[in-house]
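**Q** Here are the chains, one letter per residue:
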Amino acid sequence: MSIKGRNIVVKDKSFLNAVSAKTLSRRRFAAVSGAGAAAVALSGRAYGQSMAMSSPDTMLKVGFVSPRTGALGAFGQADGFVLDQTRQKLAQGLTVGGKTYSVTILDRDTQSDPARSSQLTKDLINNENVDLVLATSTPEVVNPASDACEASGVPCLSTVVPWEAWYFGRGAKPGQPSPFKWTYHFSFGGKQFAIGYLSAWDHGGVATNHKLAVMDPGDADGMAIRNNLNPVLAKAGYTITDPGPYQDGTTDYSSQIAQFKAAGCQLFNTFPIPPDFIAFWRQAAQQGLTRQMKIVQSAKFGLFPSDLEALGSLGYNILSTAYWHKVFPYKSPITGMNGIALCDAYEKATGTQWQQQLGASQSLLDAGFAALQGATDPKDKAAVAKSLSTLNVITQVGRVDFTSGPVPNVATTVLINCQWVKAHSGPYKLDYLVIENAADPNVPVQHKMRPYR
Amino acid sequence: MNAYKVERWTRQSVFFSAAVGALLLVLAVGPLVFPPGITDRLTTLFIYIILAAMWNALAGYGGLVSIGQQLFIGLGGYALIRISNAGVPMFPALILAIVIIALVALPIGELMLRLRGGEFAIGMWVLAELAHFSINLDPLIQGETGTSLLALNAFTPGARRADIYWMGLALMILLLGTLFVLLRGKIGASIQAIRDDEIAAASVGVKVQNGKRVMFVLAAGGCAAAGVLNLATTISYQPHAFFGIQWTAYMLFMALVGGLGTFEGPIIGAILFFSMETFFGATGVLYLIGLGVVALGFALFIPRGIWGEVEARFGVRLLPVGYFLKMVEGEKVK
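Protein sequences appear in the order of chains A and B. At position 67 of the first sequence the residue is numbered 66 (numbering that gives the first Met the number 0), and the sequence of numbers has no breaks. At position 301 of the second sequence the residue is numbered 300 (numbering that gives the first Met the number 0), and the sequence of numbers has no breaks.
Note that these hints are calculated values from the structure, not bench results. Hints may contain errors.
[Unchecked claim] Computed footprint of chain B on chain A; a stretch qualifies when at least three of its residues, placed anywhere within it, have a C-beta under 8 Å from a C-beta of chain B:
id : segment
1  : 113-119
2  : 144-157
[Said to hold, decoys possible] Residues on chain B that point at chain A, a partial pick, calculated with CB under 10 Å:
id : residue
3  : 80
4  : 136
5  : 152
6  : 276
The beta carbon of each residue, even a glycine, is placed where N, CA and C say it ideally should be.
Next comes chain A alone, as it looks inside the complex (with noise of 0.2 Å):
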């Protein structure tokens, strides 16, 4: 794209005029003779890119925004390989009322910035005029982009981020009507972790002695889940022994494992970013918490492989929710592919563990162009939007159901409870196994939990 772009970054004029006259409106002509050549060479990459725009009203633009490189990577790590899948299967064009259009993703990576997402986003939407624009992974890449959408009216869709952080971080008020005309989102949120922490740490078959330690940062996620876990988790018979929020990048724990200690807590869960984490569950080992401890449940830290294998052993039999598990049983509409299909066919390409991503990314895309194939027009913005306030489809992740969200404009899907166990056989160190299915019946039980010591 801005090879094309840094042509137009040319000093003679002949040229210019010779590709105005044939491609460019008067309109954007007379704006760019007006700039001169400095607006012109800075404009250079979005100007050309809206040159070659020639958009026929048979051809669909999505945007894809995602995390692939920065703190937030490992969310993006899956990102290029679904997206090459779609688009092999849509190579073909998508068939909306009998009329075929011809499918263009653009992907675009925020590299875990949110000013950059919020600019991506918006070049999408001015230079490459999409008709959807798709974000997933993190408030950081999800909220920007949904704003930059919703204010310039074009549909967006996104994913994995508590509904709640997109819903009500974004300004709007419990019980007042829903702000947003154009953006959706799918995901879990606080009652999807109770229900899969609830059904482990009940019905897992590890006894305990029902004393929980938390850890919950300071931050967004550690209080929402402060506010709206913990006091569900103790009405239902845990003794809660909380030390108060911490800083983010805390590095000495001791205070509160001393806390711990004192209380005999045999369960823990926590809410931390991934370093944090680790620096604790070191210190932890170290003053003697873990020898205690009978469940560790985690999330935030344990969605991919890598945060375990950076703890070694000591990261053996921790729990952690899953959003999506290669055993989830439901097939991609667009790939046709279960998720254990779907993981081998990355694990092959790639070489690399195969990770929840995988599936989230792919019920994007799938709910995505179920939305368009929905839309009496996928060419009209409002009707595009429309299509996603109905939108009730199954994807990889299983269904996907606005009309009966918690909110208008959000659909809930699952969280199912998961135990990282050492993997006995196959080239990677550690399997992540299905403990309960409480949320969703038709995900099968792959084990049956072990206590952590």
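Since chain A is already given, all that's left is putting chain B on it; use the hints.
**A** Below, chain B alone, put in the same frame as chain A:
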């Protein structure tokens, strides 16, 4: 006999100032003729130019190196969220937010300007972090989750884009114009004396503290303006994105590469930074490495920056902020 003439307006600077005026006129009609993508990107360029010029006002002229100017970027955005949430219409709210933060900068300046050199630089950073964590406690902001400037969704996309563009252009002209007038006035001379040698300046009667105070408040207001504009273009307010140290890195880059302590330099630095971001931003890590290499290269080999070097070599000055002393033949003096 030879005579000397003090010149402010050289032929070059007259010509160039006229050219700048013409360019601004063209930019003023921008949203009417530019495609939306270009309008949007130019707004970003205005924000960068404001940031570069403000950091330069502080460091290049005031001799105050701050690595915490993101304090005012974050506070500007926060003020806009709060004011807009209170029901003030969008465009008055934009102005109000900037004015409030400039006023807030007055007592902050009183306190911080007692610190010197490295203490001031670090002190500003500490203050920025402190403000960041305090704002996280506001239930409206919801910690790092942040919130969005929903009031902007009431505008049609085209009108919003154009209005924010004009707002950015107007603020850029206003802030750079203020700096220009200040530098040409009495305070300009005293500030440049402070920059060259603070103690010597004080010894000849320059009111050091006064000059610094003016620059501090101007830079604070300017950074708040950049924060407000940034929020208006991105809509999402996530505290760690607004209070991030990367803003200082950008400002430093633009001012250093363009030419610290010159009026034109930071503008050139901003345009260079903006072009690099536009053309190479998509390359990710390589882009960041490239930025670092460019900054290092300039610091090592061209410490005066692009414009500092040009000015020193060719004696050109495109915008007349200083004076030239010219020797003329006696009989030609009238």
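**Q** All hints, please: hold or fail.
**A** Each hint, compared with the structure:
no., hint, verdict
1, 113-119, "holds (count 5)"
2, 144-157, "holds (count 6)"
3, 80, "holds, 9 Å"
4, 136, "holds, 9 Å"
5, 152, "holds, 6 Å"
6, 276, "holds, 9 Å"
Checked against the numbered hints given earlier, the structure satisfies every one of them.
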